[in-house]
Amino acid sequence: MPCYAKESIDKYRSQQPHDGLSNVEDTSAAGLNGSPTADERDYRFVEKRELNSLIALLRADAFRVLGPRVEDAAIVYDELESLEDLPQGYVETQSPGRYRIEKGDHENFFQFTVSPNSWKQFLFPARVSLARAKKDRDGWSFAEGDDLQQDADGRREKLAFVGVRACELAAIAIQDRVFLEGPYVDPVYQRRRESTFIVAVNCTTAADTCFCTSTDSGPKCRQGFDLSMTELPHGFLLEAGSQVGGSYLEKLESRPANPSEIESGFRLEQQAVQQIRKQLDTHDLRDLLLNNLDHPHWDQVATRCLSCTNCTMVCPTCFCSSVHDVADLSGDNVERIRQWDSCFNLDFSYTKGGTVRDNTRSRYRQWLTHKLGSWQDQFDSLGCVGCGRCITWCPVGIDLTEEVQAIRVKPTSKRTLSTPVEPAVATCVVKDEDD
Amino acid sequence: MGSNVSQLDSNRDRRHSAWVTYPATVTRMVQECADVFTYDLHFDDPVTAEQFDFQPGQFNMLYVPGIGESAISIAGWAKDGQGLRHTIRSVGNVTDAIARGGVGMSLGIRGPFGSHWPIEHLTQAKSPLDVVVVAGGIGLAPLRSLIEFMIEHRSQIGNVDLLLGARSPQDFLYREDWDRWTEHGIRIALTVDRADRSWQGHLGVITLLLEQMTIPDPAHTLLMTCGPEVMMRYVGGVGAEKQIALEDIWLTLERNMNCAIGLCGHCQLGPEFICKDGPVLRYGRVRQWLRVQDL
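Residue numbers (my numbering), protein chains in the order written: chain A, 1 to 435; chain B, 1 to 295.
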């Protein structure tokens with residue numbers, strides 16, 4: 001299976017400024033077939049029902065088609081069988097600690113932003129079987145877990161994501177870097193990612209919690225998709241981002257978009273930009289946070305934070321996990337299960353000498369300074385794509401942009417990174433637990 | 001069940017196969033002190049045994065199925081040179097299970113992982129470097145393979161001082177190795193936190209020993225340390241006071257290591273993944289993080 005969107009994601013990434021600062025207009029954004037500017041893009045217009053044909057084509061090609069649908073009073077990502085499954089006519093409201101959807105006065109399929117789900121749950125599933133152990137007379141033997149084994153005929157499940165937002169494309173690009181481009185590759189992520197077809201959708205509206213313009217990750221989908229859509233009142237503007245995407249586009253009943261349709265799409269994209277109110281000042285963000293690890297504001301956040309892990313569960317880039325053993329009753333057959341974990345869990349930093357981060361202050365600090373600070377050292381980008389999920393789904397409505405701002409307006413910076421303080425030898429006391 | 005041999009023989013490089021676990025058996029178990037044992041482990045599969053190699057300072061994930069994994073530094077090769085040696089304090093579910101299992105126990109090994117002591121600096125130096133090794137308690141375990149390496153390359157290395165600290169005179173590790181180390185010109189100095197009547201040596205924290213030491217040529221001296229984190233911070237501080245460059249002071253850190261390949265997030269210290277960027281790191285690289293409480 002070719003790695004469709006991966007190639008274009010690489011291009012997208014190469015254009016991403018490392019500090020998320022730049023507002024430089026992307027001039028080379030394109031699929032695999034060249035680098036047209038925005039005016040030269042080859043937009044096709046399709047009627048809305050053609051999206052149904054696309055879903056059917058993908059399903060006929062053995063893709064498991066996933067997209068937004070309404071469940072439990074929220075828009076979630078789950079299997080799509082047809083256009084009927086999409087949340088047509090819905091509008092959402094999001095604010096710190098609050099999420100509601102309701103029927104609006106429109107017939108659009110994608111007039112909302114991001115949901116409690118992210119595509120992470122399909123590429124980096126919350127629970128996978130990594131390995132197995134089996135005991136016999138000769139002792140233990142080990143094998144790959146279910147999620148690493150090939151199907152009997154060597155095929156893999158192919159995933160098609162329909163309705164991927166620009167911030168989510170950026171999040172996938174970030175997780176690609178974490179799981180595929182370091183000294184070690186995550187085999188579960190790799191095999192899922194390599195067979196994923198991505199249909200992106202440009203946001204035409206923004207939630208109060210959105211701030212992708214600050215992190216330079218949206219709302220326009222620029223790279224990393226096979227197809228992208230802009231939803232107009234009476235149809236979709238489609239654009240191919242890869243050759244495979246283009247081959248599907250050819251199979252749809254489409255015509256070249258006329259200038260007024262392209263203009264209409266552009267205006268809708270601008271509408272989303274204008275609706276974004278929230279801002280995260282990313283200037284010198286890494287140094288600001290890492291120079292203020294002893295800032296009193298961390299104590300203040302800790303009085304509100306419940307350490308519930310919600311922000312890390314909904315975050316599309318958070319990648320922490322733990323492996324646990326699950327044995328059968330005999331104890332001779334053991335499965336190694338990897339599950340999402342969170343730096344907000346007490347056990348997360350447990351060592352036999354003690355738990356490193358045994359209070360909420362240090363755990364919130366770890367999350368925020370990693371996401372916005374040390375992530376840049378590790379992966380050369382912010383770990384945040386401005387989707388706002390952590391703000392919406394925080395039960396007490398903690399807003400990371402406000403926490404950063406609280407430190408920015410009054411940094412302590414008593415000690416800077418360049419002048420760490422040597423410990424005073426005279427007060428040296430060796431603790432008892434010497435391991 | 002899949003065959004580990006075929007997994008090893010396949011063309012998948014280590015980048016893709018970090019979760020492959022190799023079966024091994026405990027072949028020797030020696031009690032070092034109250035709750036610390038040294039184990040020799042042999043891979044069940046001879047091909048694995050032949051292909052396995054490590055650098056001094058790296059660690060393995062030892063796996064007791066049904067209980068879990070534990071990151072344990074590699075103390076060296078086993079007595080016969082075929083298997084591995086690990087020194088383990090029994091302080092948790094996995095380490096207790098290994099102590100209970102003893103000789104003949106079957107377990108799993110993933111590894112080796114992480115960075116190693118700067119042995120290239122020792123062998124590639126224009127003129128022989130002096131080395132000061134400071135070990136607190138079981139912190140000697142990850143330094144043991146370094147000491148053995150220096151013995152193998154003794155002619156290329158200058159003075160080697162080994163400062164050992166323990167809680168009490170009964171808590172020192174590797175006494176059976178000391179005579180051999182001394183014969184190879186390694187100077188050993190001891191100190192304990194709490195003496196008994198038999199103890200005639202130094203009393204007090206190990207940094208005092210280091211402070212009293214004369215370092216003749218700090219510009220050509222490597223300081224390598226392992227022990228409780230607070231001890232290493234002070235050792236680093238004393239080393240710096242003695243004019244050893246921060247780049248020449250090395251320590252090895254312990255954090256919660258779950259995946260051992262930098263993908264699970266547990267072991268972070270500031271920007272460092274201790275499992276992948278460490279565990280052996282330059283003091284100058286991490287001292288700014290070590291001073292921050294609960295980081």
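Quick caveat, the hints were computed from the structure, so don't treat them as lab data. Warning: the hint list may mix true and false statements.
Pulled from the structure, derived: some chain B residues nowhere near chain A, Cβ distances all over 12 angstroms [said to hold, decoys possible]: (1) Val64; (2) Gln124; (3) Pro169.
Beta-carbon label-pair distances, calculated as ranges [as the list claims (entries may be wrong)]: (4) B:Arg180 <-> A:Gly353: 35 to 43 angstroms; (5) B:Trp77 <-> A:Asp347: 49 to 57 angstroms; (6) B:Gly101 <-> A:His324: 14 to 22 angstroms.
Quick caveat, the model's predicted, so the values are computed rather than measured. Think of the CB as a built atom: it goes at the ideal place given N, C-alpha and C, for glycine as much as any other residue.
Right, here's what the structure says about each hint:
The beta carbon of Val64 of chain B sits about 9 angstroms from the closest Cβ of chain A, which is not more than 12 angstroms, so the claim that it is off the interface is violated. With a least CB separation of 23 angstroms from chain A, Gln124 of chain B remains clear of the 12 angstroms interface cut-off, as annotated. The Cβ of Pro169 of chain B lies farther than 12 angstroms from every Cβ of chain A, with a closest approach of about 14 angstroms, so its non-interface assignment holds. Between Arg180 of chain B and Gly353 of chain A the C-beta distance comes to about 31 angstroms, which lies outside the given range of 35 to 43 angstroms.
For Trp77 of chain B and Asp347 of chain A, the Cβ-Cβ distance of about 34 angstroms falls outside the hinted range of 49 to 57 angstroms, so the restraint is violated. Restraint check, Gly101 of chain B to His324 of chain A: a C-beta distance of roughly 21 angstroms satisfies the suggested window 14 to 22 angstroms.
Taken one by one, the earlier hints fail for this structure at numbers 1, 4 and 5, listed in ascending order.
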